[in-house]
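Trainee: Each chain is listed here by its residues.
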Amino acid sequence: MADREMITIEIDGKSVSIEKDSTILEAAREVSIYIPALCSSELVEPYAACRLCIVEVNDGRKTKLVTSCNYPVRRPIKVNTSSETVLRNRKIILEMMLSRWPNVQLIKDLAKHAGITPPRYQHPAVDLNPNACILCGLCMRICEQGIWENIINFTNRGADRSVQMPYDSEQPHCIGCGACAEICPTGAITMIDDPNQPYDADMVRRAGMRITEEMIRFDKEQCDMRGVGTAHLVEIMDAYDLLPVMNYRFGKHEDSSKISSDVLRTFFTKGKPDGCWLGCTMACAKAIENFELKTGPYKGEKVLVDGPEYETLGGSSNMGIFDPRFVIEYNFYCDTYGLDTISFSTGLAFVMECYEAGILDMEKTGGLEISFGAKDAALELLHQIGRGEGFGLIAGKGIRYMKKYFVENFGADPGFVFDIGMEAKGMEYSEYVTKESLAQQGGYGIALKGAQHDEAWLIFMDMVNKQIPTFEDKAEALHYFPMWRTWFGLCGLCKLPWNDVEPADNAETDEPAKVPGHVQGYCEFFEGVTGKPQTMDSLIGMSEKVYNFQRVFNLKMGFGKREHDAIPYRSAGPVTATEYESRQDRYDTQLREDVGIDPTGMSTIEKVAAMRKYRESQYEHLLDAVYKRRGWTNDGVPTVAKLMELGVDFPDVIELVRKHGG
Amino acid sequence: MIIVNGERLEWSPGKTARDVIKEKNYLFPLLIVRINGKLVPRKKYDSTVIPDKATVDIIHLMSGG
Numbered sequence: 000m001a002d003r004e005m006i007t008i009e010i011d012g013k014s015v016s017i018e019k020d021s022t023i024l025e026a027a028r029e030v031s032i033y034i035p036a037l038c039s040s041e042l043v044e045p046y047a048a049c050r051l052c053i054v055e056v057n058d059g060r061k062t063k064l065v066t067s068c069n070y071p072v073r074r075p076i077k078v079n080t081s082s083e084t085v086l087r088n089r090k091i092i093l094e095m096m097l098s099r100w101p102n103v104q105l106i107k108d109l110a111k112h113a114g115i116t117p118p119r120y121q122h123p124a125v126d127l128n129p130n131a132c133i134l135c136g137l138c139m140r141i142c143e144q145g146i147w148e149n150i151i152n153f154t155n156r157g158a159d160r161s162v163q164m165p166y167d168s169e170q171p172h173c174i175g176c177g178a179c180a181e182i183c184p185t186g187a188i189t190m191i192d193d194p195n196q197p198y199d200a201d202m203v204r205r206a207g208m209r210i211t212e213e214m215i216r217f218d219k220e221q222c223d224m225r226g227v228g229t230a231h232l233v234e235i236m237d238a239y240d241l242l243p244v245m246n247y248r249f250g251k252h253e254d255s256s257k258i259s260s261d262v263l264r265t266f267f268t269k270g271k272p273d274g275c276w277l278g279c280t281m282a283c284a285k286a287i288e289n290f291e292l293k294t295g296p297y298k299g300e301k302v303l304v305d306g307p308e309y310e311t312l313g314g315s316s317n318m319g320i321f322d323p324r325f326v327i328e329y330n331f332y333c334d335t336y337g338l339d340t341i342s343f344s345t346g347l348a349f350v351m352e353c354y355e356a357g358i359l360d361m362e363k364t365g366g367l368e369i370s371f372g373a374k375d376a377a378l379e380l381l382h383q384i385g386r387g388e389g390f391g392l393i394a395g396k397g398i399r400y401m402k403k404y405f406v407e408n409f410g411a412d413p414g415f416v417f418d419i420g421m422e423a424k425g426m427e428y429s430e431y432v433t434k435e436s437l438a439q440q441g442g443y444g445i446a447l448k449g450a451q452h453d454e455a456w457l458i459f460m461d462m463v464n465k466q467i468p469t470f471e472d473k474a475e476a477l478h479y480f481p482m483w484r485t486w487f488g489l490c491g492l493c494k495l496p497w498n499d500v501e502p503a504d505n506a507e508t509d510e511p512a513k514v515p516g517h518v519q520g521y522c523e524f525f526e527g528v529t530g531k532p533q534t535m536d537s538l539i540g541m542s543e544k545v546y547n548f549q550r551v552f553n554l555k556m557g558f559g560k561r562e563h564d565a566i567p568y569r570s571a572g573p574v575t576a577t578e579y580e581s582r583q584d585r586y587d588t589q590l591r592e593d594v595g596i597d598p599t600g601m602s603t604i605e606k607v608a609a610m611r612k613y614r615e616s617q618y619e620h621l622l623d624a625v626y627k628r629r630g631w632t633n634d635g636v637p638t639v640a641k642l643m644e645l646g647v648d649f650p651d652v653i654e655l656v657r658k659h660g661g
Numbered sequence: 000m001i002i003v004n005g006e007r008l009e010w011s012p013g014k015t016a017r018d019v020i021k022e023k024n025y026l027f028p029l030l031i032v033r034i035n036g037k038l039v040p041r042k043k044y045d046s047t048v049i050p051d052k053a054t055v056d057i058i059h060l061m062s063g064g
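These protein sequence lines are chains A and B, in that order.
For the first sequence, numbering that gives the first Met the number 0 gives the first residue as 0, with consecutive numbering after it.
For the second sequence, numbering that gives the first Met the number 0 gives the first residue as 0, with consecutive numbering after it.
Excised from the complex, chain A in its bound form (with noise of 0.2 Å):
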C-alpha cells in the first residue's frame, strides 16, 4: 500500500503533518495537545455525542466551532483548542454533565479542570451513581463496529435515553465477550455471568480483547480477513508462484485474477459476522447468499454457499479452472455430498493429468472429456461421486486407490503415477506448490495426518527469508510449529487468530514468526480457564506428549515409519520435461550453484534427472536431521527415552516401539 497523501496544519500554533482524513483530533495527539473527549476512541468510528472535544477551526475564509473528533483534514487550516469562545462552550456542556452525573469521577475531574465549581442548577435527571452511564455510546458501537453484533443499544429519549439490550430482556447472541464493559468509561457495565466458571474470566477476556482490539485496528491494512478471509491468498500465491495450477506442476497463471479476492469479494455477504464461531471478530469464514446452481439435484434453486476459502480457489486452479461460480458450485455440492473441497479438486487434478497423458480416456471414464479447465466434467463426476456412480465410483476413493487402479487395470507406468499423484499416507496435498521449500516438503510428508499444510506451513521463512538454511534450522522449525500447532487441536481452538493478524509491535520481538505476543495471550487464555500458568515451552510439552503419542498411534495402524512420511516427487521438484522448460532459469542456476553440475548441453530430461538424483536426497537428509530432532530413531520411530522423558511410555506403547527398533 502506497503512503497516503500528507497535509499540514496548525494546531495551536504548532504545525502537524497528518495523512488526509485524519481527524483533528488525530492531529492534536501526534503533537501532544491534549483535548477532552468522552465518546472518542480509536476503536470505533467518531460519534460526536459528549461535545467536549470542540475546537475553532480556521480555514482561509471564516472561524467556526467544529467537533474535533469527527472534523476530517483536507486542506491547510489553523486550529485553536483553547480559545475564549472553545472555552466557554466547553465549560458549559461538562457544567449541564456534572449537573446530570454529579458524582461520576471522570465528569468530576474534568470539571474541576475547567474551573467549575458546584453547577447552578439541578438537573431533573440526576443520578447519583459513581459509576452512572454517561450516554457515551462507546459500548453499542463496540458492539456493532468491532465485534460485529447488535447486542446492546440506546433505548428510549430525552431524559429516559439509557443503554439496553432490546426489550430489557437477556440476548442469547450476547457471548460476553466484554468488549462493552471494557470501553466503557464510567464502570457503568459489569460482567455478572459466567456460565463455564472459568478460573479468572476477566484473564480471559482480556486475552480475547487484545485479538479483538488489533482485528479492529489493523486486519483491513493485514490480511482484510473480516473482508475476504482466505481468500486474499490467491493473488498473493500466484505472485509467488505457489498457487497449484493443473495438478501441481506450475505455481502461476494469467487467468488467477479471475478467482482472485478482488472478484470473490463481489459475491460474498457483506458486513455480517460469518457465524463459524459466534462473537469471533477475526470473521473470515464468509458466505454467498442467493446463488443460482447451473447442474446438479438443485439445479435452478438459488443457495447459500458456505465459502469459498482459499484453498477451494487454490484447488480450482490445480484443475486448470478460472471461473468464480464453478468455484462457487463446486464448493456447494463438495459440502452437500459431505466431500472434501481439497481432496476432491486435488482428486480431479490427478484424473485430469491422466487423462492428457493417455492414461484415461472417454471409454474409461465413461464418456468424460476430462481434460485440465473442462469444468462441466469436473462437475459432473462430482456428482456421479455424490450419486456412486460411473467414474465416481473409481474417482471418489481418492488418489491412493486410484493410483494402484490405474495401474493394474489401464496399464499405467506406475512410476508416472506415483510421481504426480500428490497424496501422502493416503490424503491428498492441500494447494500449495512445495517444489522451492524443502522444509515444507517434509511440513507436508512428515504430518501425521497425511498431506496437510497445518502442522507448519513453513514456505516463506524457508524459501523467499531465507530464514532456516540447514538442515538443523529447518528440522527446529519442524519440530516447535508442528507442536505449537497441536496445541490448538488440543485446545479446541481455531489457530487463524495466532498469526492471521500481527500485534503492533510484533516485528520488534526477537521471533515475529512465532508471534510472541499472541503466544503469551495464550498462555493467559489457558491459565484464565484452569488456573495454571503457563509458559511457551509448558504449551509445547503439552503438545509433545499427544504427538508422539499421535505418531505411535500411526505406527500401530501401519503408517508410523520412514517410508510412510515419504512424499511424491512432483511435491520435490520437476517432474516432466515441461515442467522444467517453464522455469528453465531457475532450475539451471540451481544445478549450476547448488548441485556443482554445468546444464550446458544437457538434454532436458538429463537435467530433470539431476535434480531429482538431487532434491531426493535433500528430502533424506531433511527426514534425519527431524527425527534427530524429535527424538525419534532413524527410521522415524519415537525412542523408549523420549516416550519416558514425555511420560506417555505405557507397557503397550513401550512393546510396541520396541518391535519397530524405537
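Everything labelled a hint here was simulated from the structure, so no lab data went into it.
In silico DSS-like cross-links for lysine-lysine, where the CA-CA straight-line distance does not exceed 25 Å:
#1 K43(B) x K21(B)
#2 K251(A) x K21(B)
#3 K19(A) x K21(B)
#4 K43(B) x K219(A)
#5 K465(A) x K14(B)
#6 K513(A) x K42(B)
#7 K21(B) x K465(A)
#8 K23(B) x K42(B)
#9 K251(A) x K23(B)
Examples of chain A residues lying across from chain B (beta carbon under 7 Å, computed):
#10 A238
#11 Y309
#12 W456
#13 N464
#14 P511
Even for Gly, the Cβ is constructed at its ideal location relative to N, Cα and C.
Here the structure of chain A is known, so what remains is to put chain B in place on it, guided by the hints.
Mentor: Chain B in isolation, oriented as in the chain A frame:
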C-alpha cells in the same frame, strides 16, 4: 548492488524500501523490513532510502489455514 533476502539486487540512488518490495513483487501484507539490521516502520517504506551495498531483510510472516 544490495542483498535482499540473500539474493543480489541492482542498486540505484534513491531506491526506497517500497521500491524493493515492488521490484520483488512482494504482495504479502505481513512484512518486516530491516535494512542492515535496523527495523523500518511500515509507515516509512516510501521515505526510507536504501544505501548501496546494504543488506535488506524482508521477512514474510505466515498466514492462512
